[in-house]
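Work out the full structure, taking the sequences as your base and the hints as a guide.
Read top to bottom, the protein sequences are chains A, B, C, D, E and F. Adding 6 to a residue's 1-based position in the first sequence gives its number in our numbering. Adding 6 to a residue's 1-based position in the second sequence gives its number in our numbering. Adding 6 to a residue's 1-based position in the third sequence gives its number in our numbering. Adding 6 to a residue's 1-based position in the fourth sequence gives its number in our numbering. Adding 6 to a residue's 1-based position in the fifth sequence gives its number in our numbering. Adding 6 to a residue's 1-based position in the sixth sequence gives its number in our numbering.
Everything labelled a hint here was simulated from the structure, so no lab data went into it. Please note: incorrect hints may appear among the correct ones.
For chains that are exact copies, the list does not tell them apart, and a pair is met inside one copy or across any two.
[Claimed, not checked] As a list, the in silico DSSO-like pairs of lysine-lysine whose alpha-carbon atoms are at most 30 Å apart:
#1 61 with 12
#2 177 with 12
#3 209 with 177
#4 177 with 61
There are 6 protein chains.
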Amino acid sequence: MFAHNKRLQYTVRVAEPNPGLANLMLEQFGGPQGELAAALRYFTQALAEDDPGRKDMLMDIATEELSHLEVIGTIVAMLNKGAKGELAEATQEAAELYRAINGAGNDSHVTQVLYGGGPALTNSGGQLWTAGYIDSIGDPSADLRSNIAAEARAKIVYERLINVTDDAGVKEALGFLMTREVAHQLSFEKALYSMQPNFPPGKLPPRQEFARVYFNMSQGEGDMRGPWNSDEQFQYISDREQQLAVDGGSGLPETALTPEQSVAVEQMAARTASDPQSNPMTGAELGSGQLDADEPAGRTS
Amino acid sequence: MFAHNKRLQYTVRVAEPNPGLANLMLEQFGGPQGELAAALRYFTQALAEDDPGRKDMLMDIATEELSHLEVIGTIVAMLNKGAKGELAEATQEAAELYRAINGAGNDSHVTQVLYGGGPALTNSGGQLWTAGYIDSIGDPSADLRSNIAAEARAKIVYERLINVTDDAGVKEALGFLMTREVAHQLSFEKALYSMQPNFPPGKLPPRQEFARVYFNMSQGEGDMRGPWNSDEQFQYISDREQQLAVDGGSGLPETALTPEQSVAVEQMAARTASDPQSNPMTGAELGSGQLDADEPAGRTS
Amino acid sequence: MFAHNKRLQYTVRVAEPNPGLANLMLEQFGGPQGELAAALRYFTQALAEDDPGRKDMLMDIATEELSHLEVIGTIVAMLNKGAKGELAEATQEAAELYRAINGAGNDSHVTQVLYGGGPALTNSGGQLWTAGYIDSIGDPSADLRSNIAAEARAKIVYERLINVTDDAGVKEALGFLMTREVAHQLSFEKALYSMQPNFPPGKLPPRQEFARVYFNMSQGEGDMRGPWNSDEQFQYISDREQQLAVDGGSGLPETALTPEQSVAVEQMAARTASDPQSNPMTGAELGSGQLDADEPAGRTS
Amino acid sequence: MFAHNKRLQYTVRVAEPNPGLANLMLEQFGGPQGELAAALRYFTQALAEDDPGRKDMLMDIATEELSHLEVIGTIVAMLNKGAKGELAEATQEAAELYRAINGAGNDSHVTQVLYGGGPALTNSGGQLWTAGYIDSIGDPSADLRSNIAAEARAKIVYERLINVTDDAGVKEALGFLMTREVAHQLSFEKALYSMQPNFPPGKLPPRQEFARVYFNMSQGEGDMRGPWNSDEQFQYISDREQQLAVDGGSGLPETALTPEQSVAVEQMAARTASDPQSNPMTGAELGSGQLDADEPAGRTS
Amino acid sequence: MFAHNKRLQYTVRVAEPNPGLANLMLEQFGGPQGELAAALRYFTQALAEDDPGRKDMLMDIATEELSHLEVIGTIVAMLNKGAKGELAEATQEAAELYRAINGAGNDSHVTQVLYGGGPALTNSGGQLWTAGYIDSIGDPSADLRSNIAAEARAKIVYERLINVTDDAGVKEALGFLMTREVAHQLSFEKALYSMQPNFPPGKLPPRQEFARVYFNMSQGEGDMRGPWNSDEQFQYISDREQQLAVDGGSGLPETALTPEQSVAVEQMAARTASDPQSNPMTGAELGSGQLDADEPAGRTS
Amino acid sequence: MFAHNKRLQYTVRVAEPNPGLANLMLEQFGGPQGELAAALRYFTQALAEDDPGRKDMLMDIATEELSHLEVIGTIVAMLNKGAKGELAEATQEAAELYRAINGAGNDSHVTQVLYGGGPALTNSGGQLWTAGYIDSIGDPSADLRSNIAAEARAKIVYERLINVTDDAGVKEALGFLMTREVAHQLSFEKALYSMQPNFPPGKLPPRQEFARVYFNMSQGEGDMRGPWNSDEQFQYISDREQQLAVDGGSGLPETALTPEQSVAVEQMAARTASDPQSNPMTGAELGSGQLDADEPAGRTS
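Here is the structure:
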């Protein structure tokens, strides 16, 4: 069960109103790398996890991320508080409010007009949050790697927001939030490697003949070798023929049909056959004035 | 530039028609962990990457994933080929076709009726593919970790599909595709660690006072210690008070308003104030027959 | 800040494994009327709310809804626990697992194959949760009504789930969750009516000449009168002419253009004009074999 | 059946071209609180409604909302008409057109470049309209409340648009549209309360022991009492222990497995167990240069 | 302005309850090729259209499609009417209702549990309708072609539904709706070709050197020639070298940076450089037990 | 199988950094009419196509569109390269970077902060790419028309981008890409008409009595006649009565219920009946201060 304490995990201090900055902050509220995604990612994993250590850790971090969601949402609300009042009360002329709504050069018009200045579950461009952002699949060797990556991404987006933020209090809080992503990544790393083996992920072994092959699919000036495709690590295949039909077959699909289906499929093929020998008049010609009015229509070869 | 060879990278051999199995295969065609997501993930990263080694590797693997998309899509098309013909040509009674459409017990009715038996850019439940599945953010210390995680997830979903597949040819092709995810993960791992340092991700250092702290946010029976929150690695904080306002402040938000904004905000507050002393009649009472017809409406304290 | 206690708000007791029932339960986990939507609806409102009573109430209820999300998610995990293990470990033949995946007659195949049996942020049809479900707009006279309606909807969906659930423990927990929606609705009703006036919503008065008019737009057998369109309450307008251009104008749009724009608009109109006097040959004729090969193409009137 | 009259329900008069204002207007065309959502909400309810009075009312109002969709869409088209011509005909230099496209400070670039200046089914930020905005569930005690709330929200968004609009004709039309939302809300209120009882919604009674309880889940400075949680109305529970496992149970989930499932689950648990006694080397250490080259890798406790 | 007549454009006669069939019908209600998409496609085009003939035609057909939406939605409601009552009133045991909900083998469980048996704005798989289905862009030479294609698609989906429908009354109504798509396509064809020229679409001429070239990008067994790539119509280029950098340049991108940007870009490149000479230990090795405990970590070449 | 050559199909030359222009270019990268949609549209059709000519053509063009996606994505990356470096390295003051992020007046802030300057799979407003953009349904008489329309739309969007682009190298590449859409349209037209007949689409014949009827549904000043509704082509029906129930029936829906269902439906009707004779007090009155405190609540007629 969750309980809530009215004090924030980190005190939010906003120096001055700034709806444009508020809008950018939405990246970490309702954006793909934001705190909602983080909290729900770990919370849903925790619910289905049976390993006691991982379950506990996931719920610990999920709960903290919810608390971070509260911090970033509070920043948004504070930066917007004045503008919200002015729009709701119409204390200025329409022309002035219009300029205020559109002047930030970003999507704060959506935040103001549609969401009334509150923290919306969108990114800074107004894109609605979607559960498509959550990539949990219920296997720890995959989910822990996903969590490590998610923390890395969140760290970077915080870094960018810090780089564009001038407000000292906001910057300080963002620094705290960014740092916690690093700490969480450390925990997820430890959890991953305390499960041995964790590579390859899952249970089924790979087919050995294809597990250490590197196909050089993109060729030309710029081809590079490195540890990711070195001869020490991989069989490196550049020959285009050897990249094809690596099972040794024809490379062409084969299937079976019931007799009834064969009839149906052939009937459909005949009905929809294109005639490669024809040269039909088309809509493009009708539409481009290329037709000579004396030329018979519907000509075929 | 891309070029296409009509032979597949792996020969597809389908033993018998099976629209239900075809529908499940869509997970790796238009699902979140599928080949389209993989190909586009690496392709878009490659376009913006300047490091020559990573750029080459990303385009190599993107191109291979496109070729895998072709393999899995071909499997779907082969498994559906007969059913497609039967529905298009209506070679059976309506009642029989109705049973065929609905009999698989999964969403193959969508595949048949809406998509005509072709490989659709959806998962097995008919959910449209969305770019929200792609989490690239343009930083290699994050994106490579995202790629490692994505390969791990794809490996697991292939494993599950293999576990439920009875068709030997399909199973064999799925085994190839699963194995390649392992190989790609190996390459991404090498690429990540050939960039040093890669942790913490990005450039800005974390705030040291918060980087090695573990907040025990979820408490009760089931609390566990392990390397992810051990005293060796972390300062472990269970005291609820010490988890709050870790900056040492009040934990309550502070902001500034312009004088005009203050007036507007106060005006709005007064206009929309709730009266905690009242006990208003509400719609619930009007709707629940709890009212005594003689009781005056609109009573307040 | 949020804190988590490992005990649930309501004990989950599941009598036997049932992946099909688990899948239905997702409606109240990641569905539009589910607990995630509820929790986020109130939480985001709380962050932007300045009225102290409403802010406190919103956070109280948001926190409880998070705890309900945990209860319903735990039900999903428990109902799926066995099937998850069987698929991950492949302890049965592929054909048997295939039947298990598809046998429920609903979308549990998505839950199993894609999400590994964990509670996914989707509804029972696999539709990804989207913030489009959240309709908060930052005005209490609207948001409280939205909350009242949301609780009513959630109560009904729980009622339906209870009606189809045979498992006594699950049914009991659903009864608790359903009841809490009723209690929350009561609180929101009190909060709405303790703000006076709250109708019409917002600040701007309606235009009196249109505020008590009812337009009888749908006519024919079935036209009904009732308090929603009674003469006592409304001016009832059935005359089609009186429904049109109720401002007394022409009903036709008027606009202004700059001189440069007028030139551009006219140029575009001329370039793209359709000729009502023509009878052009079209693609339909080319495609339908209606053409006499001797008939000249491109004929116009 | 629908019929259309070419005159609008309200005459649209636009004083001057303004693509930026046009873009804001999209909130009430293709935005979540806009006229399309309103029309479809009532129309779909009407189709499934059997109560003759409600069915008639819902279709009346749905039809009017479609007519409002036409009014707001016409406003968008008129405000954009000049800019549309200029872009289509390229009557200005590229640099000038570029400035025009981006100069509004909002998302009118999407409206111009992608939608050619026409009214698009998006909100003002370009977010595509989604049926996730429609919350009808087919029960009148819920749907009528949803409709009341929807009208309240739409009223507020119109109010905000009026507050930022300088064009007298547009402002007047917006005033009409806003007023009609108030009138519709009145009708829906009458319809709701003419169905008695309508609270609690639906048919199943709540569990009495939980129906009048208020859990004080968010605690600290700012805790408030009011009619929404007063002792007169509710049993108010602040004690954290009493908030937990309110059924009197353990608060811990219980489930059953078949013997075969137990084996599979235990096998999975063993295979994926994390070792809490270990201190594994992790990717973070490999990536952060913290390794002493002489220290053996893979150390465990 | 729209007006509504309570009689349908086509009488709906449903022989017997069939929630499974109802669910399939949703394809033409809230599916991508359904009547809502059609109505909104033409309606939004009509609002922005200035050509008087096209504007009138678009509004005529939009209005008819709305009336078809009503017909198909009524079919859904009628097929579901009984099941809706049974679920709402719980007139059967839970186990029986559970079977009814899941027995159709398609997604009627979503229609019943979430939408209460009403016509939902989803396709038959529960995918929410999205404005991404609407491809209008505000140019008649494109939009009319889009409309022609949309009518063709809708015709086919109706054909498939007819093929699987056993209910005579439903089949007859579907036949009417299918036929009207053909009639609309005829009108759109006439409208397209009455605008001359309409090819190439728009105003800007193509670059002649590339307008009649066909690149044979996919090569191998199966290469075909036909009128779509014949020498009569096209310059056919199979040589891979001639397909590359067809402008005669290097095929490699070139850009310019400001001096400050050059510094930043180089700094980023150095910071994130991968070392192709290294052979770093990676997480895969840590996770796969391939490490010899005596081997020093962090080795590079 | 796909192979990749590192040279582009068209050399990208960018004159100077321009993040705002980069953002607009996303329309043809991740927008609905962009190259990703084109490539996937043809690729998925090719996989399911059995006609050898069409299959080859679809794969040829799909492969070329992938190569165009690479060109447009490279343009985005080049235009953003400098800004990406400056944000990542924070080589400027926060206030300056904030101005740079927001100064373009469009959504380049999303491109920079969220996507790190890389080409994102969104349109220029940040809307995530969705497979809802792809309208393939697996029937060549429909899909080829969809392809023709898609090429027309893409041509127009390129035309608009060219009109607003000042950079000579970008403009030239856009001209190439635009031209190729024209060439592809030509091929699809030939392919469509080489399949005879292709109209009406599909196999089922229309019902002749409705195939050549035009319903004049939108009436009033502006009614027009043209070839799309001429007497020569169509039976033109303006009489509103003749537009209704064109099957000759009542226009009212009819259905059947089982006896058990009839009971349930009647029970539900009774339970939820609205009372047209009542005049209930409502929430609107409670909220608007219209109540006389002495007036009894809950009054009904």
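> Is it within a copy, between copies, both, or neither that the alpha carbon of residue 61 lies no farther than 30 Å from that of residue 12?
Replying inline: both (26 Å within a copy, 10 Å between copies)
> Under a CA distance limit of 30 Å, which applies to residue 177 and residue 12: within one copy, between copies, both, or neither?
Replying inline: The answer is within: 22 Å in one copy meets 30 Å, while 34 Å across copies does not.
> For residue 209 vs residue 177, is the C-alpha pair at or below 30 Å within one copy, between two copies, both, or neither?
Replying inline: between (45 Å within a copy, 16 Å between copies)
> When no copy is specified for residue 177 and residue 61, does a C-alpha distance of 30 Å or less occur within a copy, between copies, both, or neither?
Replying inline: For residue 177 and residue 61, the Cα distance is within 30 Å only across copies (26 Å; inside one copy 33 Å).
Comparing the model with each earlier hint shows no violations; every hint is respected.
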